[in-house]
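Chemist: Below, each chain spelled out in residue letters.
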Amino acid sequence: MNASNENSKALSSSEYGAWNRFWFRPADPTTLCLIRILAGAAIFMIHFSYCFDLQELLGPHAWINSELAAETRKHIPVTVPPSSWDYPTPEPTANEEQRQQVNGFIRKWGFHPIVTEGEGNYSWSVWFHLTDPVAMRIVHGAVLLVMFLFTIGFATRLTAALSFLAALQYVNRAQANLFGMDQMVIILALYLTIGNSGAVLSVDHWLERRGFSWARLFGGTTKPVTVEVEPSVSANLALRLIQVHMCFIYAAAGAAKLLGSSWWSGTALWWAVSNYEFTWFRYSWYSAFVQWLCSHRLIWELLITFAVVYTIVLQFSFPYLVWQRRFRWMLVSGAVLLHTTISALMGLLGFGLCMIAIVLSFIPGEATRAVLFGSQPTSPPPVLPAQAEDNMTVRLINSCTNRSLVHEPTTMA
Amino acid sequence: MSPVLPMPIGIQIESFAVNKGVIPMLENPLAEPEIEYRPPRVGGLLIGSVIATAIAGWIIPFANRWTDSTTINSALDVVQIALVLGGVSAAAMAVFLRPRFTLGLATAALSAGQAALAIPPDWETIRMAMKVASMVAVVCAILVWLPRWLQRWAVSLAILFHFGGILVAVTSVPPPFAAAPWLATQLWIRVYRPYFQFMYLFNAYHFYSPDPGPATMLWTCINYSDDSHKWVKMPDRQEHMKDPLAVCYYRRLSLTEAANQLLPPTTVSAIALENRALTGLMLGIPTPERIAMFIPSVAQFREPTAYSKQVLKSYAQRLAINNAPAQPTTAITGIKIYRVTHVLLSPRQAQSGKEPTDADLYLPYFQGDFDINGNLKDPGDPMLYWLIPIINITNSPVRPTYSNNSSTQRGYEFANYLDAHAASRSIKGQP
Numbered sequence: 001m002n003a004s005n006e007n008s009k010a011l012s013s014s015e016y017g018a019w020n021r022f023w024f025r026p027a028d029p030t031t032l033c034l035i036r037i038l039a040g041a042a043i044f045m046i047h048f049s050y051c052f053d054l055q056e057l058l059g060p061h062a063w064i065n066s067e068l069a070a071e072t073r074k075h076i077p078v079t080v081p082p083s084s085w086d087y088p089t090p091e092p093t094a095n096e097e098q099r100q101q102v103n104g105f106i107r108k109w110g111f112h113p114i115v116t117e118g119e120g121n122y123s124w125s126v127w128f129h130l131t132d133p134v135a136m137r138i139v140h141g142a143v144l145l146v147m148f149l150f151t152i153g154f155a156t157r158l159t160a161a162l163s164f165l166a167a168l169q170y171v172n173r174a175q176a177n178l179f180g181m182d183q184m185v186i187i188l189a190l191y192l193t194i195g196n197s198g199a200v201l202s203v204d205h206w207l208e209r210r211g212f213s214w215a216r217l218f219g220g221t222t223k224p225v226t227v228e229v230e231p232s233v234s235a236n237l238a239l240r241l242i243q244v245h246m247c248f249i250y251a252a253a254g255a256a257k258l259l260g261s262s263w264w265s266g267t268a269l270w271w272a273v274s275n276y277e278f279t280w281f282r283y284s285w286y287s288a289f290v291q292w293l294c295s296h297r298l299i300w301e302l303l304i305t306f307a308v309v310y311t312i313v314l315q316f317s318f319p320y321l322v323w324q325r326r327f328r329w330m331l332v333s334g335a336v337l338l339h340t341t342i343s344a345l346m347g348l349l350g351f352g353l354c355m356i357a358i359v360l361s362f363i364p365g366e367a368t369r370a371v372l373f374g375s376q377p378t379s380p381p382p383v384l385p386a387q388a389e390d391n392m393t394v395r396l397i398n399s400c401t402n403r404s405l406v407h408e409p410t411t412m413a
Numbered sequence: 414m415s416p417v418l419p420m421p422i423g424i425q426i427e428s429f430a431v432n433k434g435v436i437p438m439l440e441n442p443l444a445e446p447e448i449e450y451r452p453p454r455v456g457g458l459l460i461g462s463v464i465a466t467a468i469a470g471w472i473i474p475f476a477n478r479w480t481d482s483t484t485i486n487s488a489l490d491v492v493q494i495a496l497v498l499g500g501v502s503a504a505a506m507a508v509f510l511r512p513r514f515t516l517g518l519a520t521a522a523l524s525a526g527q528a529a530l531a532i533p534p535d536w537e538t539i540r541m542a543m544k545v546a547s548m549v550a551v552v553c554a555i556l557v558w559l560p561r562w563l564q565r566w567a568v569s570l571a572i573l574f575h576f577g578g579i580l581v582a583v584t585s586v587p588p589p590f591a592a593a594p595w596l597a598t599q600l601w602i603r604v605y606r607p608y609f610q611f612m613y614l615f616n617a618y619h620f621y622s623p624d625p626g627p628a629t630m631l632w633t634c635i636n637y638s639d640d641s642h643k644w645v646k647m648p649d650r651q652e653h654m655k656d657p658l659a660v661c662y663y664r665r666l667s668l669t670e671a672a673n674q675l676l677p678p679t680t681v682s683a684i685a686l687e688n689r690a691l692t693g694l695m696l697g698i699p700t701p702e703r704i705a706m707f708i709p710s711v712a713q714f715r716e717p718t719a720y721s722k723q724v725l726k727s728y729a730q731r732l733a734i735n736n737a738p739a740q741p742t743t744a745i746t747g748i749k750i751y752r753v754t755h756v757l758l759s760p761r762q763a764q765s766g767k768e769p770t771d772a773d774l775y776l777p778y779f780q781g782d783f784d785i786n787g788n789l790k791d792p793g794d795p796m797l798y799w800l801i802p803i804i805n806i807t808n809s810p811v812r813p814t815y816s817n818n819s820s821t822q823r824g825y826e827f828a829n830y831l832d833a834h835a836a837s838r839s840i841k842g843q844p
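Chains as they are written, first to last, in the working numbering: chain A, 1 to 413; chain B, 414 to 844.
In isolation and in its complexed conformation, chain B is listed as follows (with noise of 0.2 Å):
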């Protein structure tokens, strides 16, 4: 029930009396004369707008089909460019002045859809934007253009199918050790994919679930024809803190999460670890079963998915970038990366006066020596992807190995195999 003005006493009587003809209504001495307001003009914006996407749309390519002269084809791209640009600002402005305007939008979704055409093969993402947002104008002048009522209507339907697709989003991740539910994928892959995809909305939200987990880094070791190498770890605080909101090192810790998509824990096969313990023997890392006295509850064999290889691939050929050597003579031999899992404190060993910058709680694993072009080196090398282990042998009866090389942190001993590793040349093939 809508709650109901009360009225003065006055203005009651006052309406009676109009109502009733008693007295005629007055006019208003104080008020402003009747002001008819009038849109702004946005004809000649529009009619600019399709004769500029017209010409590149239409003209242009097939004046660059009829010529063979290649400055006149570049002059025509630029030519092509610019009409583009000035006829979809055009049908913009013309839309941000009069947007319930149905003829300007009509107007906007053909210049959009010439200015479609003009756009050349190789951009074919702008070109599909471009194509929507011809599909957008028509939808729009179509909804100002009916009434309010079934404007409402649309609207409404346009709500529930958006929320509908949060929805989807948001149960369409597959929980740990299952399968993610059917009618949610069925739905998200045909029928939710391309909105979502388009507009970038397909988060699930699942922030710090199942688990807070630890972060990932890589760690580098570019080696050059000189004998030099070079360490090179992602993220550092110092190097990427180059903004007021720490943007860019944030990002940092996203890109080394993609390297870090890994397929379940597997059983090694019984060759394999042959391989691993004869390759290790030579590198002196001790085997895996020793190194599981040291660092138990750790799978010592992860392998990334396929998407993380490529991305790994990728970032090998930036490495090679951001790394080039001073001198002309020098090259680079090999980039040995490193997907590092630090390790998060436990509160007894914060208690205990352990720091989270000790190095056994980082967990090196081997993913492969790349060369500039982001090619494996040696795709069947033993070690891929194993743990290459930083022990903490303080006060420990045992050792992981004979060989000598342990260093000192704060008072604590450690075993470092990831020094040994990196150092080492590659060993071809099978050991």
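Chain A with its partners taken away, still in its complex shape (with noise of 0.2 Å):
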């Protein structure tokens, strides 16, 4: 019994430090500044294209005007499955007011109120209220001011955020015009507001190691910067948040292809790369390529079973397979080259651009810094007990090496 106890005591304990480790080690940033670099320029540009559409998307006659826009924002029904087996029966209007209520709810939203729990959602942007053009245009200017300013890193704890409030105000407005890219859009830019993602590879570095720091711009002091970065549990956070999220995207994607007949007889590629609206159909070129594809069956479904296969596998084993070291390589290759794929073939520019920015969360920051700048990939700092800073020989080679040692994380038990 008491075995058994120690035993299941090690274990959580053991549970407890790799959750610990996972999530609140500290991690090189370069990586997630490299990733706000990427995903600042996609945000920038998603945003910027706003330029031409700014009345057309978002102002109060725009092609969702403001008068659905309020609609759907305050009295969308909520829909909600019963808690019984059956919903209950309505019962019998009392007079021709409410008849004419609850047929006027039907006509409207095409189902009975009684299905219902509530109406309305949750969403908010500062276009909902702002429809004055030259307002419009002076918050749009100044947004467009924040990105850029995220996207070289100045002031990037600040701009990030405001980038991700900025990038919320957009896509709660114009939902009806949105795709993949303002999702993973939104993705990013949570993440990169929780890390330091503007600890190098950014304006704030450069300034930093040239002595300016907002701190001491508000009389504070701070220690001097060195090119050396350090690691933070805030880098390490972020970069997990997107790694697991990126995780459940492709493990959703994979899943739902699942349904689909066309995954299933290996010619669902075929359907996406047909598509005359997304490809280069209107290219001879690429064409008179179909034309001399098809006229192949075997080289076709070859081609084509290869892509399917590709995605599927690719989709389904990421989750699982990318956590090991020696996949790792493999699968954000094949997810770089899926992506960098998608987007020639079907012009979807700035939704692969953050799909390879996320991708990019599984690339260690050593070797993002070894690419970078030159220098060979280091190995994680050493790691020692917590207790052992207190240790002498610890503090001696601290000062005798000019480097901190870094503590294991300490376990929440």
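Note that these hints are calculated values from the structure, not bench results. Virtual Cβ for every residue (Gly too), placed ideally from N, Cα, C.
Restricting the straight-line Cα-Cα distance to at most 30 Å, the calculated cross-link-like pairs of lysine-lysine (DSSO-like) are:
(1) B/Lys790 with B/Lys726
(2) B/Lys790 with A/Lys74
(3) B/Lys646 with B/Lys790
(4) B/Lys726 with B/Lys646
(5) A/Lys74 with B/Lys722
(6) B/Lys643 with B/Lys790
(7) A/Lys108 with B/Lys790
(8) B/Lys726 with B/Lys655
(9) B/Lys790 with B/Lys722
(10) B/Lys726 with A/Lys108
(11) A/Lys74 with A/Lys108
(12) B/Lys655 with B/Lys643
(13) B/Lys767 with B/Lys646
(14) B/Lys767 with B/Lys643
(15) A/Lys108 with B/Lys646
(16) B/Lys643 with B/Lys722
(17) B/Lys643 with B/Lys726
(18) B/Lys726 with A/Lys74
(19) B/Lys655 with B/Lys722
(20) A/Lys108 with B/Lys722
(21) B/Lys544 with A/Lys74
(22) B/Lys646 with B/Lys722
Example chain B residues on the side facing chain A (calculated, C-beta under 8 Å, incomplete):
(23) Pro452
(24) Pro453
(25) Phe576
(26) Pro588
(27) Pro589
(28) Trp595
(29) Phe611
(30) His619
(31) Pro623
(32) Lys655
(33) Ala659
(34) Tyr663
(35) Val724
Since each chain comes alone in its own frame, lean on the hints to assemble the complex.
Modeler: Right under this line is the structure:
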């Protein structure tokens, strides 16, 4: 019994430790900063496109006009399945007025009010309320400025949060004209707000190395900044959140595909690449290639089936195998290839850029630094037990190596 | 088991000697003197934010009620907006400078709460956002005040809640011909909806599933009082490729999808079928049975959902603005909208040299004739939501109708009933 207790305690302790190490171990923020640049560029470009369509997509007389947007926001019925097996039987209407109300509701929304529980949603946006064209242009210009500053990493902690909040304004108002890229922009902007995405590769870092500091501007003092980047818990947390979210995206995308007959018959990719509105059919070389491909059935079958299998296998295996170091490079490269191909074939450049930025989260910061700055990837900082820092030897080593040793994260228990 | 750093033997000996008091620990002559790092002074920003938002949230609304002068009220409104913006910006700056300052976060929460009071009721979503910001600041203030191990517990629970919600969002989408999982739906509606709708995180990520489908377009024939008409097609690559990433163009494709939410195919009543046939006869459009001989396996009647109908109403209003007549004496008399499914080429068709832009690959469904206010001119139009076909009649031994409305394209011959329908005057009521 005692042994069993000891075992379970040890197990739970190791589980807590693993959980803590996964989420709260300090990590090199270089990869996160690279993601910031890619995501920032995508966020800026995607929102820059609103310059051409500000009134058509966000104005009071937009395609989804203010009236419909307000109606949806305030009165869209929330339908919920019944708590028993059947919906309650509607009571007979007491009078003509009530009957007309019910009929009007059914005409408007297509179902009986008895299946609803409440109305409206929690979306919010300045574009629901700001309708003056000049004011709209000024606010949009300010948003673009903030997003640009975020991309270059100026006051990154602040501009990251503002970029996320600004991006929400657009997606909430223009929900009828969104694409996958808008979802990815929100995910990236949210997690980049959490992590210290301006630690390097940023104007902030450049300024800090030249003695500028926001804290000093307000009478504070800061540690001197060196070329070396300190690992941070927030960078690790942000990267982990992006990674786990990416796994959810791929798992959902892969599982949902199994509902489709064309994915089983191995033809799904054909229906994607033969879509005139997305692909290069308007160019004669593409049409000629497609015609040639379709004239050679074996090659067509091999190519399309391979693409289907590649997509399914990648999306299914990614969430499980990417955590294994030996498979990681393969899956990350495979995902980058997939999204590059989709971008090239279907023209979804914004989406592709966002997805590649998300996939990059699996590349260790040291490797990113080695590629960007030419230095050799360094092994993770040595991990010592927490109590060890009190040890004189550790202090001696710290002073000799001029390097701070990293604690093993303390367990929660 | 944590790896233990190997120590050079010299350091081990030195360490042992220091521990045993054999030698005193030596001061490092090269070490920099200890500097006490001072946090930035954010008190002024925080006090300023509290005062500004207090004036905006408490005093100005009171003053507005107290005076009837429009000029003073307008001036006060401007001052109120400036104070809210200034106060919130100051609080945000203070949090940016000292994100782990409990008192600073608590003060920022107070400022955001007061700012929410200052926001006019018709800006209710921003008022809600400000209240949420206030609550988030309170939570963060508590979080930074907690010991580290409790902080980690709290963050861990938040992570579990967040990804639990992502799982719910992913699974609460109904699969084809079935209901969504009961548990996921209940959790979505009762637990996660406020959080995910506020943060716009409710996508299910079911990309290209269950099957990649055709694109939807909107073709619109705008009729003017001088008997002229104009065709507007959305999306149009030439017109809508405005930015480097072609985002404007793809957004148009999403807009057309919003009008493409359809009710499941249903059996059309005998009366409706007869009305459709008789109206078609008057317009020179073949009966559904005859169309089925040329375009098999296509549902000819597809009614949009209630939401898509509202979307179409809004689109009609936008189309009226975008295509206002140049002459003031001319007016728009009708906006006929067709939802067009652009059928994908099969490999066999591609091999035979068929082009994706061949007319018969477009399936237009009549969505209604709208006035400039977006109202259906005739909600009882028997042709409403029916397919108005463009049929390839090349080498066909039979003709869909006896009317002469054929056209040719790349050597193919098409019977184009769309033009005939678009040009027709609305036939009010039942034929």
